[in-house]
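Using the sequences and the accompanying hints, generate a full structural model.
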Amino acid sequence: MPVDEKRVKLRLENISQSYVVNNKVFDAVSNISLDVYDNEFLVILGPGHCGKSVLLNIIGGLEKPVEGSKYLDGEKLTGSDKRIGMVFQKLALMPWKTVMSNVEFGLQMASVEKTKRREIAQQYIDLVGLKGFEKSYPSQLSGGMKQRVGIARAYTNNPEILLMDEPFGQLDAQTRYAMQEEIQRVWYQQKRTIIFVTNNIEEAVYLGDRIVLLSKCPASVKQIYNIDLPRPRDTIEPKFLAIRKEISDNTDLAL
Amino acid sequence: MSDGKELKEDYKVEVRNLTKYFGGLHVLNDISFNIKKGEFVCVVGPTGCGKTTFLNLLSRIYMPSKGDLFIDGASADPRKHNLAFVFQEPSSIPWLTVEKNLRFGLELKNLDKKIIDERVEKIITLLGLQQFRNSYPHQLSVSSEQRIIIGRAFAMNPDLLLMDEPYGQMDVKLRFYLEDEVIRLWKEWGSTVLFITHNIEEAVYLAERILIMSNKPTTIKEEVVVDLPRPRDVADPEFIKIRKYVTEQIKWW
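Here the protein sequences come in this chain order: A and B. Oh and the first sequence: position 14 is 14 in this note's numbering, straight run, nothing missing. Oh and the second sequence: position 36 is 36 in this note's numbering, straight run, nothing missing.
In the DSS-like style, the derived pairs of lysine-lysine whose C-alpha atoms are separated by at most 27 Å in a straight line are:
#, chain 1, residue 1, chain 2, residue 2
1, B, LYS114, B, LYS100
2, B, LYS241, A, LYS239
3, A, LYS146, B, LYS251
4, B, LYS241, A, LYS245
5, A, LYS146, B, LYS216
6, A, LYS245, B, LYS251
7, A, LYS6, A, LYS191
Covered stretches of chain B (in silico footprint by chain A; criterion: 3 or more residues with CB under 8 Å from a CB of chain A, positions within the stretch not fixed):
#, stretch
8, 139–148
9, 169–183
10, 232–245
Worth flagging that the hints you see were computed from the coordinates, not collected in a lab. The beta carbon of each residue, even a glycine, is placed where N, CA and C say it ideally should be.
Have a look at this one:
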């Protein structure tokens, strides 16, 4: 993204989160400040159990931070907002509903009239490559296909920011490559600001315009990387591997 | 003939014409290969190619429709042979401490207490888990729990150690650490290992030989020998060449 087009979409200021566990204070996130630009693909990377999901939940308004504030287009936000949508690792699809009903659910809740919502949902079902599966149930789909339903559902609500919490975490390495190509294609065709959480360094370098590397728990920003490799990226090209190694060497080991 | 016989005795594991049908579904088709004693072999293949069925046959959870698996020349028998298994999800015994988990299988085999003590000490030291000796599995991270399961499997001194994507969902940093650790255990113990993975980089990093599986009905499409020195460098051009080649053989996405 050229520098002059950068506009701050979301701003986090001094976000901290703690919990009380067994009468002891446990710090999960420590003083994170971050600007997220409009239409960028931002990856939040960190070791396992470092507080990545906590940070995402705070952005999505699923939990309130102990300290700090967030701003969307300069306007202070408390709690959740329709302009911020979420895709989860554990799909949370409704098993008794078809692909179409799952995808249009948000619009149905927003009382959008049937023809209209079907039309919008169909557009995103087509976009994620599930045309022909509208009447299938989640149990009839493979892991990768279910995750596509989750992505289509999130897009259908037309959010300005899409939060993705390790969406490919439970897929095998090969299906994961396929879905990485897929999400990149979808993002290209329908630009949104994406905040994508992962613990997979290769995935981060493949997808991110920028990578925010978090420390081990309590999470703080360790470093921010600008990835200016051309897309689609080649995971075994020397430059790619060099960046991967640089980030890997800088990542905390969480045994 | 005498030459053939000598060669045969070098093999710890021989798989011959392994074939499996589930009703009309032909899953495995005539799989044959051998593993030398102390060899580290990785198996890769496209998603849904029948790797799990293949493992279940090797571990004797299923019996083959045709063909058989031989260990030291005899048809594999879980009552006679030691087949150890590590799954993707750690499978420790929750009510036993780390040390008791490590002792469990050895005690079942009625080994001498002195041998058990020795082996358990060796594993705990190799894993560097002395401080967790008396902890319970739920007090450990998932990765540490998995390390104990892997240690437990090696301590059994198995005839064949089968591993099914044990590092499937770990982050890359952790995976490198654990891969180095498993190589250390393997070298120290001299076990014969069959390691199944989806991750081609992992296969090239670990294996002496890679078996590439085809789509269903699955057979072994090709064998690739990896004779790079260790520790291996994932950015080494030779390494990348092999990784690229194997990827091309199974790429479906």
